[in-house]
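Engineer: Quick mapping for you: the protein sequence lines, in order, are chains A and B.
Each residue of the first sequence is one higher than the one before, starting from 0 at the first, in numbering that gives the first Met the number 0.
Each residue of the second sequence is one higher than the one before, starting from 0 at the first, in numbering that gives the first Met the number 0.
Hints in this document: simulated from the structure, not taken from any laboratory.
Beta carbons are placed, not taken as given, at the ideal position from N, Cα and C, and that holds for glycine.
A few chain B residues that face chain A, going by a derived Cβ cut-off under 8 Å, partial list only:
(1) Asn-27
(2) Glu-28
(3) Phe-49
(4) Asp-50
(5) Ala-73
(6) Lys-74
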Amino acid sequence: MKADHFLDATGLSCPMPIVKTRNAMKDVNSGEILEVKTTDKGAKADLAAWTKSGGHELLEQTESDNVYTFFIKKG
Amino acid sequence: MTVRIMKPAEVARYSIEKKPLFILDVRNEDAFADWKIEGESIEYLNIPYFDLLDGVDDIKGELPRDRDILVVCAKEGSSQMIAEMLSDEGMDVAYLEGGMKAWSEYLEPVKVGTLKSGGELYQFVRLGKGCLSYMVIDADKAAVIDATRMTDVFLDFAKEKGATIEHVFDTHLHADHISGGNVIAEATGATYYLPSQDAEEVVFDYKKLADGLRVTVGETSVEAVFSPGHTSGSTSFVVDEAYLLTGDILFIDSIGRPDLAGMADNWVGDLRTTLYNRYEQLSEELVVLPAHFMEMKEVNADGSVAKQLSVLFSENHGLQVEDENEFRVLVTENLPPQPNAYQEIRKTNMGVLTPDAETQREMEIGPNRCAVR
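Turn these sequences into a full structure, and let the hints steer you where they fit.
Structural biologist: As structure tokens, then:
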């Protein structure tokens, strides 16, 4: 999947992945896609829940080598 | 205002002593719905931390002024952030050190009795998960029963008491939490006993637990009573002829479930026989000490989970079902969901899987679900 913006939140622990994602989202236009990478296991469920509560859309979520990648479309 | 840090041991005091506490749980809603810090005197508000990043103004009015406030999250980081935001607004709040992860691992040692020879029997109450472990201490010797994976707690406790752990027992192969039995046995040179019916796939050395097996700890007797039904090998222990350690067969207000090894239909008869025949043959004066509790109301005022067998015969919901078919339906249908990762946990307890500490923690996350009521 191709993203318009990219955020590397690897190595950060909760709550920073979401704090950074939220900040990064400010520069994303509605309908554009932000790709987020994190290594925080807890962020998995939280990013999905945050995306929903923020009115965005989680297009894809993958996991490889303990890196979790999210593609979020801004609502 | 400075933010206070509350340790799990302090939270345990609120929970056991029923002191008023208000918990602002900032985990996501699914995690909160799945499990939380329990207590009859605790009030809750669940708002995920990510919904509070713009500020805490909206919830200030929902927080009480007349009771202590504790902010809780999964590990610690988010609760610290929210607690600091509240503190900046002039609120007096604390956050939980280590989060729910630490709460899940906290064990509260409670003395349940003085033994005839002057020895002591301790119960280790894992408030966050409802697991109960035991240590019999007499004349510098100790036995541990159903130890959890927080093995340092047991090793340190025995050391403090000046006792050597000589015997380690598991009442059955656990499916809801990882046993510390093998680790403790290896660290101390103690003998590790497991029921052989549960241990067919176990890859480490253990001694077979058989009905009637009797060991002494100092002068205190520990006697095995075969009591299958939760698993095919489930074994109870009579300690000092006064206490009945029932494992996951009989709890305070409920009974064990027979389905965690995929054998509900085969084992329901065993469970019935144990509860309605075998235990009937024991002294009603025995104090039942189970391996789990389900709700805080089962916890006595001193923090222990214990009740006389005679009381359970008249009050426990699982012991009042006269009709065998009704009993079969109760323990095989409409069962609660199985514990998180229960198959992996069983394999870990057999020594077949050897996950690292972090993975073990993740496997045990969530509530205990070993009973039917």
